[in-house]
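Number of protein chains: 4
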Amino acid sequence: MSVVMKPTATRAQLDEVIRKIESSGLRADVSSGEFQTVIGVIGDEKRLDFDQVKLMPGVHDAIRIQVPYRLVSRSYIPKDVVVKVRGVSIGGNNPPVYMCGPCSVESYEQVHRIGKQVMEAGAHILRGGAYKPRTSVHSFQGLGLQGLEYLHQAGKDLGLPTVTEARSEADVEKVAKYADIIQIGARNMFNQDLIEAAARTGKPILFKRSFAAQVDEYLSFAERIVANKNRNILLCERGITPLGGSFKPQTRFSLDLNAVPVLRRETPFPVVADPSHGTGRRDLVPPMSRAAIAAGAHGLMIEVHDRPQEVLSDGAQALLPHQLKGIVDTCNRLYKTISESEVPFSSDIANGNGQG
Amino acid sequence: MSVVMKPTATRAQLDEVIRKIESSGLRADVSSGEFQTVIGVIGDEKRLDFDQVKLMPGVHDAIRIQVPYRLVSRSYIPKDVVVKVRGVSIGGNNPPVYMCGPCSVESYEQVHRIGKQVMEAGAHILRGGAYKPRTSVHSFQGLGLQGLEYLHQAGKDLGLPTVTEARSEADVEKVAKYADIIQIGARNMFNQDLIEAAARTGKPILFKRSFAAQVDEYLSFAERIVANKNRNILLCERGITPLGGSFKPQTRFSLDLNAVPVLRRETPFPVVADPSHGTGRRDLVPPMSRAAIAAGAHGLMIEVHDRPQEVLSDGAQALLPHQLKGIVDTCNRLYKTISESEVPFSSDIANGNGQG
Amino acid sequence: MSVVMKPTATRAQLDEVIRKIESSGLRADVSSGEFQTVIGVIGDEKRLDFDQVKLMPGVHDAIRIQVPYRLVSRSYIPKDVVVKVRGVSIGGNNPPVYMCGPCSVESYEQVHRIGKQVMEAGAHILRGGAYKPRTSVHSFQGLGLQGLEYLHQAGKDLGLPTVTEARSEADVEKVAKYADIIQIGARNMFNQDLIEAAARTGKPILFKRSFAAQVDEYLSFAERIVANKNRNILLCERGITPLGGSFKPQTRFSLDLNAVPVLRRETPFPVVADPSHGTGRRDLVPPMSRAAIAAGAHGLMIEVHDRPQEVLSDGAQALLPHQLKGIVDTCNRLYKTISESEVPFSSDIANGNGQG
Amino acid sequence: MSVVMKPTATRAQLDEVIRKIESSGLRADVSSGEFQTVIGVIGDEKRLDFDQVKLMPGVHDAIRIQVPYRLVSRSYIPKDVVVKVRGVSIGGNNPPVYMCGPCSVESYEQVHRIGKQVMEAGAHILRGGAYKPRTSVHSFQGLGLQGLEYLHQAGKDLGLPTVTEARSEADVEKVAKYADIIQIGARNMFNQDLIEAAARTGKPILFKRSFAAQVDEYLSFAERIVANKNRNILLCERGITPLGGSFKPQTRFSLDLNAVPVLRRETPFPVVADPSHGTGRRDLVPPMSRAAIAAGAHGLMIEVHDRPQEVLSDGAQALLPHQLKGIVDTCNRLYKTISESEVPFSSDIANGNGQG
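Heads up: the protein sequence lines correspond to chains V, F, C and S, in order.
Taken in order, the first sequence gives residues 1 to 356; the numbers are from the numbering used here.
Taken in order, the second sequence gives residues 1 to 356; the numbers are from the numbering used here.
Taken in order, the third sequence gives residues 1 to 356; the numbers are from the numbering used here.
Taken in order, the fourth sequence gives residues 1 to 356; the numbers are from the numbering used here.
These are calculated hints, taken from the structure and not from any lab test.
There could be a bad hint or two in this list.
Since copy identity is lost for identical chains, a pair holds within one copy or between any two.
Below, in silico cross-link-like pairs of lysine to any residue (SDA-like), each with a Cα-Cα straight-line distance of 25 Å or less [claimed, not checked]: (1) K229 / R134; (2) K46 / P133; (3) K177 / N230; (4) K46 / A316; (5) K229 / R19; (6) K325 / A28; (7) K20 / R333; (8) K325 / I77; (9) K156 / I18; (10) K46 / Q309; (11) K336 / G122; (12) K20 / K203; (13) K79 / E120.
Only a predicted model underlies this, so the values are computations on that prediction, with no experimental measurement involved.
Let the hints inform the model, and build the full structure from the sequences given.
Right, dumping it as C-alpha cells:
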C-alpha cells in the first residue's frame with residue numbers, strides 16, 4: 001500500500017498515519033517530494049485496514065500495490081539516484097564508472113599490483129572476491145577474512161574505494177567493515193535474508209541480477225533493500241542463461257543488455273553491467289563493454305588480471321590491464337558522443353514507453 | 001580426488017592418508033565397501049600433492065575428479081540409500097512416501113486439522129512452512145518460530161514426522177530442533193553456506209532442485225551435504241522454468257520428470273517429486289503425481305488445504321483432502337503394478353545407459 | 001469471431017451467415033452440436049462487420065476471439081475426438097496406441113524386419129522417416145521417395161498403418177499418397193504454409209510441438225489444421241529445450257509431460273508423447289513411457305532398432321525390440337489400473353481447473 | 001570433409017578430385033585463396049572414401065569436419081564478405097547500413113510514403129512484409145503478391161533496394177523476382193528446404209536467427225546457403241526467448257547482442273541486428289540500436305511507421321520517422337568514434353579468443 005498525504009497535511013497527521021501502520025506490525029517508509037509526501041507500507045498488507053487508513057486526517061489517498069515492486073519504481077522515487085562512494089559518483093548524468101580488479105583476492109601483493117594497473121587504466125573502484133560462490137566444493141572458495149583485509153589495505157594504499165561480495169549472512173558484518181560497497185551475487189538474488197541483512201548496514205549495495213530472474217522478480221527483491229531504509233543501490237546486469245544453454249564454443253551466459261534501458265526507465269537507480277561474467281570470454285569483453293555503455297549503463301564491472309594463466313578462478317574471462325585502458329578510453333568517448341547528441345541518454349527515459 | 005586404498009591396506013595406513021589430507025587443509029570422507037575403501041577428498045584439491053599421495057603405503061590409486069560431483073554418485077556410494085525418519089523409510093524398494101500438509105502453518109488448530117486429514121488420506125509425513133521464501137516484501141512471510149512450534153506439536157499429537165524449510169542460516173538451529181527433516185528450498189539451491197549449515201546438523205535434508213539448475217549443478221551442490229558427513233539426503237524435483245516462461249493459462253513451472261530416472265541412476269539417494277509447486281495448478285496435481293510415481297519417484301510432496309480459498313499463500317495449487325486420498329490410492333497401485341511387472345523400477349538403473 | 005446461432009435458426013439463416021462471412025474473404029467452419037450450431041470464422045477478422053453479423057436473422061450472438069486459439073478448444077468441440085486410422089482408434093477412452101519403428105527407413109528389408117518385431121511387441125502403427133530434418137547439411141537426409149515406398153510396402157505387408165514426416169510443402173502430396181498419417185515435425189511447428197498444405201489433404205496429422213513453443217503458441221498453430229476443415233489431429237509432446245540447455249550427461253531435451261494433462265483439458269484431440277526424441281537416451285525411454293501413460297497420454301511414439309550401433313541417425317535413443325515389449329506390457333497395465341481406479345483419466349478433465 | 005590441395009596442384013588434379021566427390025553423390029564447393037585451394041565437400045560424408053581421397057594426386061590433406069558448420073567459418077573463408085546490393089555495400093569496414101520501413105506493406109501509397117521518410121532519415125534499404133508469418137490464423141497475413149509489387153514499385157521510384165520475407169517455398173520465386181534481398185524469418189531458421197530454395201536463386205539472403213537457436217545451430221543452417229553456392233549472406237540477430245519468457249511489462253524477446261561479436265569472429269559475413277523485433281518495444285529501439293552498432297553490427301533492421309496506431313501488425317514496436325533520424329545520426333557517430341579509436345572493430349576479431 002502507498003499512502004498519499006494531502007499537500008496540506010501536517011507533521012502530526014503524518015506521524016499519526018505512521019503510528020497506525022507500525023501498530024499493525026508493518027513498517028513505514030516516507031518519501032517526501034517537493035509537493036507531495038508518500039508513505040510506502042512495507043510488510044503483509046492484509047494486516048492493515050485499508051478503508052480506515054483512507055479516512056484518516058491528512059490522507060489524500062491509499063493505493064494498493066498492483067505490481068510486485070513499488071519502492072524501487074520511478075513513480076515512488078522519480079529522480080535519478082546518484083550513489084556516492086568515497087568521492088566517486090555513480091548514476092544520473094555522471095560519466096561511466098569502472099569497477100575493476102581480479103576475480104579473487106589471492107595476496108596483498110597481487111591485489112595491490114593489479115589495483116595499481118587498473119587505476120592507471122582509468123578504473124575508479126577496486127573489486128576482488130574474498131568469499132567466492134562456487135559450484136564445486138572441490139574448488140578454491142576464497143581467502144575469506146584475510147582476503148578482505150588485503151583488499152581493504154590495497155584500496156587504502158591506492159586511494160580506491162572497494163567492492164566485494166558477502167556470500168552469506170555471516171559475512172555481512174565483516175564485509176561492511178572492510179569494503180565500501182557490499183556485493184550481493186547473482187546466486188543470492190533470491191536470498192531475501194541476506195539481502196535484508198546487507199541493506200540494514202546502510203552501505204551501498206551492488207545487487208546482481210540472477211541469471212534466472214525476470215526483471216520483475218529482480219526488482220521485487222531490490223524492493224527489500226529500500227524497505228530496509230537503504231537507497232544506495234547499484235543494479236547490475238551480469239548475464240542470463242540463454243536458451244538451450246551453454247553456447248559452446250560461444251558463451252555460457254548472455255549479457256542481457258535489454259535490461260539496461262528497461263531498468264533505467266523503471267527505476268531511479270544506477271545500472272552497472274558486468275561483461276566479464278556476462279559472457280565468460282575475454283574476447284567478448286571489449287565489444288560488450290562498448291555496447292553496455294551505448295545502451296546506457298552507468299558503469300562497468302570488469303575482471304582484470306595480469307597473469308590470467310595463473311589465476312585460481314575464472315582466468316578465461318579476465319582482461320589484461322592494457323586491454324582495459326583501450327576499453328575505458330573508447331567507452332568514455334562513446335558516452336561523450338551520445339551525451340552530446342540530439343538524443344542523449346535522458347531521452348530514452350523521457351519518451352513514451354511505446355507500449356500503448 | 002578420490003584415494004582408492006588397496007584391499008590389503010591396514011587401518012594405520014588409512015589413518016596416515018587421512019592425516020596427510022587433513023594436514024593440507026582438506027577434509028577426508030571415508031567410504032568403506034565390502035572389498036574396498038575409498039577416501040573422498042573434499043576442498044580445493046590444488047593444495048594436495050597428487051603424486052605424493054599415490055605413492056603412500058596402502059594406496060592403490062588416486063583419481064582426480066573429472067565431474068563436478070563425486071561423493072553423491074553411484075560410483076562412490078553404489079547401493080540405494082534409504083533415509084529413515086521416525087519409523088518411515090524413504091528410498092530403495094520401499095513403497096511411495098507422501099509428505100503432505102498446508103503451504104504455510106497458520107495456527108496450531110489449522111495444521112493439526114489438516115494434518116489429521118492428510119494422515120487419514122494416507123500421508124506419512126506432515127509438511128508446513130514457517131519461514132516462507134517470498135518474492136514480495138509485501139506478502140505473508142510465515143509465522144517463524146511460532147509456526148515451528150505449532151507444526152512440531154501437531155506432528156507429535158498425530159504421530160507424524162515433520163518437514164519444514166530453513167530459509168536462512170539463522171533458521172537452521174531452530175528448524176533442526178523442531179522438525180524431523182530440514183528442507184532447503186529451490187531458491188536456496190545455490191546457497192552453499194546454508195546447505196552446509198543444514199548438513200552439519202546431521203538431520204535428513206530435503207534438498208530441492210532450483211527451477212534454474214541443470215542436474216549437474218544440482219548434484220554439485222548436493223555434494224556439499226555428503227562433504228559435511230551427512231548422507232541423509234532426499235533429492236526433490238519441483239519444476240523448472242519452461243522455455244518462454246509463464247505458460248499462461250497453462251503452468252508457471254514445468255515439473256521435469258526426466259530428472260527422476262536421471263537422479264535415480266546417477267545417485268543412490270531417494271528422489272521425491274513436488275507436483276504442487278512443480279505445476280502451480282490443483283488440476284494438474286493428480287496426473288503429474290501418477291506420472292512421477294510411474295517415472296520412479298520414491299515419494300511425493302503435496303500441498304493440501306481444506307479451505308483453499310482462505311489460505312495466505314499458494315491456494316490455487318493446494319489439493320483438497322478427499323482428492324489426496326484418490327491420488328494416494330492410485331499411486332500405490334501404480335507402484336505395485338510396476339514393481340510386479342517384468343521390468344520393475346530397478347531395471348531402469350540396471351540397464352546400460354544408452355549413451356554409447 | 002464465433003457466431004452462435006439460435007436453437008431456432010433455420011438452415012437458410014445459417015447459409016446466409018456463411019455467405020456473409022465468405023463474401024468478406026473469410027472462411028466459415030460450422031460446428032453443429034445437439035442443441036447449438038456455432039460458426040467459427042477463419043481469417044483476418046477486421047474484414048467483417050461485427051455489429052452487422054450480430055443483427056442477422058437466426059444469430060444468437062457473435063463473440064470476438066480473446067484467446068489465440070478457438071477452433072481447437074473444448075469450448076468449440078466439447079467431446080473427445082477419436083482419430084481412426086485403418087482400424088486403429090486413437091484418443092478418447094481407447095487404450096494406448098504405440099507407433100514404433102526405426103528413425104530412418106534405410107531399406108525395405110530393414111523397415112519390414114523392424115516392423116515385424118515392433119508388431120510382435122505390441123505396436124499398432126509403423127513409423128519411419130523418409131524426409132529427415134537434419135541440422136547439418138553433412139548428415140544423412142533420408143531416402144526420400146524411395147523411403148516412402150519401402151515404408152508403405154512394409155506397412156501393407158505387415159497390415160500396419162504408417163506414419164512419416166512431410167518436411168517440406170513439396171513432400172506433402174507424396175507423403176499423403178503413401179502414408180496413413182502425415183507427421184509435421186517439431187522444427188516445422190511454426191511453418192504455417194506446410195501445416196495448412198498437410199491439413200488440406202484431409203489425412204490425419206501427427207502435429208509435434210516445437211521444443212521452443214509455449215502450449216498457447218502450439219495450439220494457435222494447430223488451429224490452422226481445423227481452419228482447413230481437418231479434425232484428424234494427433235497432438236504430440238516431444239520435449240522442450242530445458243533451461244541451461246544440454247543437460248549433459250543428462251538429457252538434450254526435457255519431455256514436458258505437464259503438456260499432456262494440459263492439452264487433454266484444453267482440447268478434445270488425442271495426445272501422444274515421444275519419449276525417444278523427448279529424452280534422447282535409450283535408458284530414459286522406459287520410465288518416461290510409463291510416466292507419459294500415467295499422465296494421460298493416448299499413445300506413444302517410440303524409436304526401435306534391432307541394430308542401434310549401425311543406424312544412420314539417432315542410434316543412442318533407439319530401443320531394442322525386446323525392451324519395447326516390456327514397455328508395452330507395463331504401460332497397458334498402468335492404463336488399466338488407472339482406468340479402473342476411483343479417479344480415472346476422465347476425472348482429470350472433469351474437475352475444476354484450480355485456477356480460481 | 002575439407003580437401004586441401006597442394007599449392008602445386010594442377011587444374012586437372014583439382015578437377016579429378018571434384019569428379020571423385022560428385023561421383024559419390026556429393027557436391028564440391030571450391031574456395032581458392034591466394035596460396036591455397038580448399039574443396040568443401042557437401043552432403044553425407046559416409047558415402048566418400050576418406051582414405052582414398054587423401055591419396056589422390058595434388059591433395060595435401062583431407063580433414064573430417066568436427067564442427068557442425070565449416071563452409072561459413074573463417075577457417076574456410078578468412079576475409080570479410082561484403083554483400084553488395086544495387087550500390088549499397090554491407091559488411092567489412094563499410095559504415096552501418098539501415099534497412100527500414102513498415103512491418104507490413106499495406107498499399108503502394110503507404111510503402112512509398114514511409115519509404116520516402118526513412119530515406120530522408122538516412123535509410124539505405126526499404127523493408128516491408130508481403131508474406132507475414134503469423135501465430136494466429138485470425139490475424140492479417142499480408143497482401144502477398146500485390147504487396148511485393150507495391151514494395152518493388154516504391155523501391156524503384158525512390159531508388160532504394162528492397163528486402164522482404166519469403167515465408168514458404170512457394171513464395172521464393174516471386175520474392176526473388178521482385179525484391180533485392182530475400183529474408184528468411186526467424187520461424188523458418190530450421191526450414192532447410194526453404195533455405196536451400198532461397199539460396200539457389202543466387203540472391204542475397206537476410207537470414208534471421210531463430211529465437212530458440214544456439215549460435216552453433218544457426219550457423220549449421222547458414223551452412224546450407226553456402227552449400228548451394230551462395231555467399232551473399234546477411235546474418236541477422238533478432239532476439240532470443242529470454243528465460244522465464246514474457247518479461248512483462250518488460251520485453252517479449254531479448255536482443256542477444258553477444259551474438260554480434262561471436263558471429264563476426266566465427267564467420268566472414270555481415271551481421272545485422274533487428275532491435276524492433278528483438279525487443280518489441282518502441283522505447284527500447286534507440287538504446288538497443290546504439291548498443292548493436294557499438295557491439296559491431298554492420299547494419300540495423302528497424303520498423304518505422306508514421307501512424308503506428310493504425311498499422312495492421314506490430315504497431316507497438318514501430319519507430320516514428322523523426323526518431324529514426326536521431327538513431328541514424330547517433331549510430332553513425334558511434335561507428336566513427338570506434339573506427340577511429342585505438343581499438344577499432346577489427347581488433348575484436350584479431351585478438352586471441354580468450355578461451356584458452
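Quick rundown of the hints versus the structure:
Taking CA atoms no more than 25 Å apart as the test, K229 paired with R134 passes between copies only; the shortest distance there is 19 Å, against 31 Å inside one copy. Only between protomers do K46 and P133 lie at most 25 Å apart by alpha-carbon distance; the minimum there is 18 Å, versus 37 Å within a single protomer. When the C-alpha separation of K177 and N230 is checked against a cutoff of 25 Å, the pair qualifies only within one copy, where the shortest distance is 17 Å, while the shortest distance between copies is 34 Å. Taking CA atoms no more than 25 Å apart as the test, K46 paired with A316 passes between copies only; the shortest distance there is 18 Å, against 50 Å inside one copy.
Proximity of K229 and R19 under a CA criterion of 25 Å is satisfied intra-copy only: 17 Å inside one chain copy versus 50 Å between copies. When the C-alpha separation of K325 and A28 is checked against a cutoff of 25 Å, the pair qualifies neither within a copy, at 46 Å, nor between copies, at 46 Å. Neither within a single protomer nor between protomers do K20 and R333 lie at most 25 Å apart by alpha-carbon distance, with minima of 53 Å and 56 Å respectively. Within a single copy, K325 and I77 get their C-alpha atoms no closer than 35 Å, and across copies no closer than 32 Å, so neither meets the 25 Å cut-off.
Taking identical chains as interchangeable, the C-alpha atoms of K156 and I18 are never at most 25 Å apart, the minima being 42 Å within one chain and 42 Å between chains. Taking the closest pair of Cα atoms, K46 and Q309 come within 25 Å of each other only across two copies (15 Å); inside a single copy the shortest separation is 56 Å, beyond that limit. In the homo-oligomer, the alpha carbons of K336 and G122 lie at most 25 Å apart both inside one protomer (16 Å) and across protomers (22 Å), since each shortest distance falls under that limit. In this homomeric assembly, K20 and K203 never come within 25 Å of each other (Cα to Cα): the closest approach is 29 Å inside a single copy and 43 Å across copies.
In this assembly of identical chains, K79 and E120 lie within 25 Å of each other by CA distance neither inside one copy nor across copies; the values are 33 Å within and 36 Å between.
Comparing the model with each numbered hint stated earlier shows that hints 6, 7, 8, 9, 12 and 13 do not hold.
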